[in-house]
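Student: Residue strings, one per chain:
There are 2 protein chains.
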Amino acid sequence: MAFNKLYQFSILNALMDGVADEGINVSTMLESGDHGLGTFKHMDGEMVVLDGIAYQMRQDGSILVAGPETVVPFAMVTRFQPAHISHLSLSSKDALDLHIWEHLPNARNLFLAIRIDGQFEYITARTVGKQEYPGECLVDVGKRQVVRTLSNTKGSLVGFYSPGFSHGLSVAGYHLHFIDDDRRNGGHMLDFKSGNVQISLSPIARVELELPQSSEFNSARLLADAHKIREVEG
Amino acid sequence: MAFNKLYQFSILNALMDGVADEGINVSTMLESGDHGLGTFKHMDGEMVVLDGIAYQMRQDGSILVAGPETVVPFAMVTRFQPAHISHLSLSSKDALDLHIWEHLPNARNLFLAIRIDGQFEYITARTVGKQEYPGECLVDVGKRQVVRTLSNTKGSLVGFYSPGFSHGLSVAGYHLHFIDDDRRNGGHMLDFKSGNVQISLSPIARVELELPQSSEFNSARLLADAHKIREVEG
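As you go down the protein sequences, you meet chains E and S in turn.
For the first sequence, the residue numbers in this note's numbering are 1 to 234.
For the second sequence, the residue numbers in this note's numbering are 1001 to 1234.
This is chain E alone, in the form it adopts within the complex:
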């Protein structure tokens, strides 16, 4: 796989519709990237892929290294080679946004791979639980999410910016998962304030989208609107 090409399996709206029974396995996914995020069979927790290792961050707070056969119904990964690296502290998500468009003004309609390593004053992160029945939609699974705030932690925020037109395929805007350096805490980032961090970015102009061929996927509506997605992936 070329550097900074996004490989995506399935689409976000399939999760919105509860399509999470089948997928690729972790070892296949890791052939296409060493950086990214996703979820697991039955939406059992948040996935972060960091330096080629896929971590499963579960609702109970436990974090496991996902085995090669673990089933992944949705993932976005890239073989990340940063094109821009800078060092600063970010007072908020908005500060990250300003920083990015200052440095990459001509990438608004591209995807971006993003990694932020270092010290965080706080990170608020959520982890979703598992579907209670096959096909339970993400909004309902999300109602049982656990939100934790980590203070004065060191770790990595890993993920992507996706352009507005890709809404429904992915989460338009920022989608970042956090894991701390001890690999003991993490989840889907809701809010943060950093100390000194290194911000690594790369524009992505090539996307390889692989669609599930299951009847579960092919019978889904897949048309959740932006408002619904923000409600659960905000």
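These are computed hints drawn from the structure, not numbers from a lab.
Please note that the accuracy of each hint is not assured.
Calculated lysine-lysine pairs in the DSBU-like style (CA-CA distance at most 30 Å, straight line) [claimed, not checked]:
#1 S/LYS1041 x E/LYS5
#2 S/LYS1143 x E/LYS41
#3 E/LYS130 x E/LYS154
The hints should help you fit chain S onto chain E, whose structure is shown.
Tutor: Just chain S now, kept in the frame of chain E:
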């Protein structure tokens, strides 16, 4: 390029926003597929790619073989290997729709490559003219389209079905361009009734999307809604 993988350059909503100044060239495009459709710099006519040759079908009715350096701001092509072939006559677009879902009930949310060769009682096809100024949007360019009805013609309908969730990336539903066997008439198909034809189909589960890196693309809104797209591409 693997068989039946869709390669797409740019997105339909970029054309909707008039982004048609720059692109890949025909020879690069043909490395990724021998079957497909698209348009040319400044939306100067309809493109159909048939058996590895790209034809430019212009508003004045002329048809040219597009040279290797010709600029393509939007294209969808695949290296087509039919998975299903059947022979019948189709009384309408709706009959094609019924035929497809009878034979491929489990591909609703995939893309399909479609080719229909043979006798047509009639085909109504349009060709768009060129942008009158840089950035003129597709809806306005489409107002100057020329619609022709060809009767008792032999030729090929070439293109794709795109799933509903891909709206904005491509034309959700059917998008087929026609060219006759003499390569003298053709355009974007609006309606048809066939005689005996061969229908070749293949599901597509892998899409490689390449986004333009131009400032023209990156400053566009890219958010035209389904209604607007149907108005001009319906």
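Student: Are the hints correct? Go through all of them and say.
Tutor: Here is what the structure says about each hint:
1. Note on S/LYS1041 and E/LYS5: the hinted pairing holds, with a Cα-Cα distance of about 26 Å set against a maximum of 30 Å.
2. In summary, the hint linking S/LYS1143 to E/LYS41 is not supported, as the alpha carbons are separated by about 49 Å, beyond the 30 Å threshold.
3. Of the pairs offered as hints, the one joining E/LYS130 and E/LYS154 holds, with about 27 Å between alpha carbons and a cut-off of 30 Å not exceeded.
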